[in-house]
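Colleague: The opening position of the sequence shown corresponds to residue 21 in our numbering, with each subsequent residue numbered one higher.
Worth flagging that the hints you see were computed from the coordinates, not collected in a lab. Ideal placement from N, C-alpha and C gives every residue a C-beta, glycine not left out. One thing to keep in mind: the hints can contain errors.
Simulated restraints on C-beta separations [as the list claims (entries may be wrong)]: (1) G94 with V121: 13 to 23 Å; (2) S126 with H66: 40 to 50 Å; (3) R78 with P134: 21 to 31 Å; (4) V129 with G79: 32 to 42 Å.
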Amino acid sequence: MSQSDAPLADVSQEVVAFRVAGQDFCFDIMSVREIRGWTRTTVLPHAQSYVKGVINLRGSVVPVVDLSDRLGLGQTEPGARHVIIITVIDGQTIGLLADMVSDILSVGVEALHPVPDMVSEEVKAFISGVLLIEDRMIRRLDLSSVVPRNGTLAA
Numbered sequence: 021m022s023q024s025d026a027p028l029a030d031v032s033q034e035v036v037a038f039r040v041a042g043q044d045f046c047f048d049i050m051s052v053r054e055i056r057g058w059t060r061t062t063v064l065p066h067a068q069s070y071v072k073g074v075i076n077l078r079g080s081v082v083p084v085v086d087l088s089d090r091l092g093l094g095q096t097e098p099g100a101r102h103v104i105i106i107t108v109i110d111g112q113t114i115g116l117l118a119d120m121v122s123d124i125l126s127v128g129v130e131a132l133h134p135v136p137d138m139v140s141e142e143v144k145a146f147i148s149g150v151l152l153i154e155d156r157m158i159r160r161l162d163l164s165s166v167v168p169r170n171g172t173l174a175a
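Please take these sequences and the hints and turn them into a complete structure.
Modeller: Now the structure itself:
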């Protein structure tokens, strides 16, 4: 069987899985630039509440978003065990504060399920689907919704 004849279920994608406020999330690994340990941020006055501040990443100023706060799960008090996932979202480099990175998974399209219709539009704005992997349910994060459409992180 040639690759073009391969069943759709064999198509897989790699995602990075991580925890935020004790919950499992993931997104496409191609959006990850690097994963680094927690670094103290410089606070930006009048920034949105979910913006922890900015860090110096090899000469670039990178905003750090507290994913827990952004997703409505409460603010994170970061410590040495937390990580910053450096991503590129709509052409902008952004750090995402998470509790930990748990896995890099190769998942088939059959593992991705739609978000149930009964959830609010606000939930659907952040979550593009739910992955069922073994006994885990991992929410697939829509990175473009983490940062407002106009790209601004100021209040």
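Colleague: With reference to the structure, classify each hint as holding or not holding.
Modeller: These are the hints, each one checked on the structure:
Hint check: G94 to V121, Cβ distance near 20 Å, so the stated range 13 to 23 Å holds. The beta-carbon spacing between S126 and H66, approximately 42 Å, falls within the hinted interval of 40 to 50 Å. For the pair R78 and P134, the beta carbons lie near 39 Å from each other, so the given range of 21 to 31 Å is not met. A C-beta distance of roughly 39 Å is found between V129 and G79, which places it inside the suggested range of 32 to 42 Å.
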